[in-house]
Structures are given as C-alpha cells and as structure tokens.
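J.: Each chain, written out:
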Amino acid sequence: MIIKRLLAWLGFSEPESCVAEADEPLSAPLPHSPPDYFSLDWAQRKQKLLTSIDDSFLGGFAAANSAEVARLALADGENAHVHVIFNLGADALAQYMRTDNYQNAYERPVVGSKVLEPSKKRCTVDEMLGLKPVENFYFCAASISGTGIRFYGDFCVALKSPADKASVTQGLDRNSYDLVVPPLDVLMGCKSRVDSLKFRFRGPEFADMLAIKVLQHQAMRPRRLTIGNIGDAVLSDEDYVELFHEGKIRRDTILEVRSHPEDEMTETVIESRQFREGGSTPAQILWLQQRQIARREMAEKGIVHRVVRGSGRVYRWS
Amino acid sequence: MELKWFIDSWSPTEGIAFVSQREPCEDPWALERTQTFVLRAPDFVITPVDRSIAFGATRRNFQERFGLVESRQEYGFASLQYLTAFVRRIYLGGGPGSGGEGGGSPFNGNPDAGGDNGNEAPRESYGALLDLPESERLNGVRAQLDKSVFEGAAKILEQIQWSSRPGRRHLFSDRAPHGMGWLSHQYVRPNGVPKKVGSLNDAMFFFAADRTLVSRAPLTDVMPLLLATAVYFSNPPDYYFNGWRYHDNFEWWEWKASTTYAPYIVDWLPFDQLPPELEVILETWNAFDYDEQRTSSN
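Chains as they are written, first to last, in the numbering used here: chain A, 2 to 319; chain B, 857 to 1154.
Read the hints as simulated data drawn from the structure, not as lab findings.
Hints should not be assumed to be uniformly reliable.
[Unchecked claim] Derived pair list, reagent style BS3-like, types lysine-lysine, alpha-carbon separation capped at 25 Å: (1) A:K121 to B:K1003; (2) A:K121 to A:K49; (3) A:K249 to A:K302; (4) A:K161 to A:K302; (5) B:K1112 to A:K115; (6) A:K161 to A:K49.
[As the list claims (entries may be wrong)] Listed next, with one range per pair, are the computed distances between beta-carbon atoms: (7) A:V270 to B:Q891: 45 to 53 Å; (8) A:Y107 to B:D1002: 50 to 58 Å; (9) B:L988 to A:V270: 27 to 35 Å; (10) B:R889 to A:V305: 18 to 26 Å.
Ideal Cβ positions, reconstructed from N, Cα and C, are used throughout, including at glycine.
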C-alpha cells in the first residue's frame, strides 16, 4: 500500500481494472454502443478470429483447421459427420419406439400441479428465439459421433442426413439460457442481436459458426485438428450448439441410437451383483429393466443401437 | 431460516431431476447464480451442474418445476433427503412402462381376483405395518409373515401326503409360478391393488413407491405377495433356478423367510413417511396406469 501511495504521489497510477465486478447487477442498462460482434455476420466473425490468431505459421493452421471444420459441417448424406442429436432416458426411448411419438415437455403428463405458469425467463427465451408455436419445436443439439448430453438421458438419438435439413432449418450457437443471463442478457434488447447468434443449419453460416466454436476451443494449436478434436469442441461437456427441429421427430428418421459404455457397465454391475448376491434396490432393478425394455423395443423396430466411447470414433459396437 | 430444496426441472419416469436449494420464487431461472444439482436413477447421487443444463431440460421433455395439485406455487422440500425420496418413489411408481414386463413372473390364476375392489372392510391393514417405528419393523414383518403366510401354509401342508416325494415336488414346483404354490391364493391379486400390477415385477415397484394407496388392503392378503416378491428378487438366480425346488422343507422356509426375506422387505418398503401432501401426490401418481403416466390426456 505504501508503494502504491508513493507511486500515486509521484504521478503514476494503476490502469483501471478490466475485470467486471462480481456483483454487477443483472439489470445493467443497455450499452449505448453495441459491441461490434452483433453487427457482424458469421463469416465476418470467423474472418476476424482468423486474423487475430497468430500461430507459429502466421495463422496458417487456424485457417486450415477452419476449412476442415467447414468441410465436416457441410458434408451430408452418407458423408455426414455432424448429426442432429437429442438425448432421452430409457423409458422415454422405449415409449418413443413403441408409439413413434417423441414428446416434448408440452406433451408429457404432469406430476402435481398443472397450473404452474411457465417461468418468465422461459417465455422470454421462446419470444427471443421466435419459434412459433413453440410447442411444435423439439430441441436438439449438433454432435459428431459421441453420446450427446447425457444429463438428459442415457440414450443419444442421431438423425439421418440429409433428411434432417427438412425439419431442422435453424439453430443457436449456444444453450438458449445464455440469452437471459450475464453477459448477454443486457445486450439482447433487440431481436436482430438474437438473430445474429442464430444460423441456418448446414448452410455456410453453420460452417462459420462451428469453425469459430472449434477454434475457440482448440485455439492456437499449430497442429492439424483431427475429427475427434473437432467433435470434442462441437459438443464439450455441457457446452453445445442448439438445433430446433420443427414438427414431430419420426422414428424412421433415426440414423442410430448411441449409448455410453459407462451405462452399459453400470447395468452389468447391477445385474451381476443381483445374480451373485441378490438384494439390489428396487430403483436399480427398475433402471436395469427400463434399459432392457428400450433395447428390446429398438431391436423390434430395427433401430441400430451402438455403444460408443468418448468421441465415438474409436470403438463402436452394437 | 434454512433455505428449502426445489425441483427446477425433472423427468418423473426417467428418475432424473435438476434441483437447487434457494428461496421460492416466480422465476427460478432468474436465480442464475444458484448452484444446481442433478439427481439420477438408479442411485440418485447428487452431482453439481450448470444451471443452463437444467433450463435446457425444460426445452426438451422435462417438466418445469413441481407444485402441489391446484397450487400455483412451486413446492419447497424441507430437506434434500425428502426431495430425493420423493423423486425416487415417483420413479418407482412409474414402473417399467406398458411395453411388457422387464422380468418377473405373471400372476397365475384368475386375473380378476381382487384388485381395485377396496370396499371390503379392512382388517389389520398394510398401512398399519408401515407405521411401525424403526426398531420394530423387522420383527413386525417377521411376525406378519408367520401369521399371514406360514400359518396358512401349515394348514395346506397338513393335508399333503408327506410320505409321497412326488407329492412334495408337486407342491413346491408345479402348482404356481416359481414354486410359490404353497402360498395362500390371495397373493394373486390382493384387494386394493390396482390391475396394472400384473406380475411380481410390477408388485415390487408398486409397493416400494406408495404407502397409502394400498393401505386399505388387508395385511394378510398383502404379505404373501410381498414374500413372493422378496423371494423372486432377493435370490441369486443361479441358486434360484437350480436349487429352489429341492428345498421343500417347511422349517427351512420359515428360517429363510425370517433371516433373508423379512430384512429384504424391510429394506425396500417405504417405511419412512414423507409429508402428507407428498404422500397424496404419490398415491395419485401410483394409481394411474402405465399409459396414463406417459401420455398426456390434454
């Protein structure tokens, strides 16, 4: 402190802190000058990022990797790498297989009160995204080969390409919750800014957006990125790219259903423990049975079920 | 004042719930800095997650929040233990769905016997058994097994020609699924148990989920079914399928019931009562058939 005072007395002062205060109020006023980011389209944003990356080869690797991401993003049909995916639990999957009626939150029965209003933030997000009527939309994510967002269920359903383009025309570069929390919440005052974060699926915008996401994840690496590296960046832990599927997701549009070896292993552990010692809990037995029923329903309907690990590229077995 | 626990979003039949400890509010997603956790079947271990994941669940097939019927407010659980028990029992009440049995043996005999006819004046009820204090539960279940099962079985056994080995085999292996023929006939479908419970498999989840719906059912009717369920699920299958039928010794069965099956029943029956308003929700949910729990009537 003494040194600081001495420096101040001598006329030297510390620069203002650039770090935002942790307790900044959520309702901060809208900045007068919007950040450049929203006025740029996805191609311009990518270009800006590429020029700012200065690896040992003058950004050459970033450019090459960006081109590779674009190639993967735009490939469709038999060559498709990026797929529309969504996760669901074993019971919902079995029900889906039986009835060909995958239900979103609006269509499922409610436990307890049916009169709880949808939360304001959720309505705000619906409005921002401009999905009308929102009941007709089924939220998905983009993924390369992995098992998706397993918090939403053990099974990851991947849809066929190029048919997916017919129902999935647009997406958001992030979880739409980000629109209503800092730092974006105060910037989302006008619809054009929200729209600028959206993209047309499998169009050039999608490729540019994905290239940015991957380069930000794998920044500055003077290496050619492999498909696995790119896949890890497209869907990384809880960070994903949101896709909006309009209309019912029919069973015949499913390419394959993926599950993770971890869940297969848990199933085996419960089963073998029950076999050796007995006494598994009812919830463990039910969980096991729901998975077995789901597998049986998939087999009956001729849906391919693959067990895949990590990026889903090295080991894939049925 | 200690904060309560709330369900932010959940999927009842999948046993997945995103929860947080916070103030009750109109808009849970405005509390962006609230730590969120996920609970998942089968073991419902709590794991921290980002709040955006809980929000994203509501855009998929998860119910947003939970409130009591006809309440316009979300329900605050006094503790995480209550919340977990509630999510687990709702999950069990959803059972294996309508896609066929995941296991277990279908009930034999007349499928219309009993079931849904809870008008009979209750004798000692199943509900009373569940009200036993913790220290008395095991002995309570043992005593009820003796009274409801073995006394009845003894009467049947008296009529059997003990000198006839084929007769004994017949008694234990052929008369009913999995050698349970010596149990009294009520185990097929006791009064008070809805018709959706069609197998030992369904019975286990049904009884593990709910403590009020079948409280009308006479205990002497329920105990044989609980025993049959415990026998089915608590035996290692290799021993069960290979060695079962040779244990046709009545005393051995009584011993086995007392030492193995009674503790197993005590383990999974919902002895610990949730607040009455939650028990009502569980009862209502458990009374729905599997399709009603999965397909909206709206």
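J.: Output the numbers, in ascending order, of every earlier hint that fails for this structure.
T.: 1, 2, 5, 6, 7 and 10
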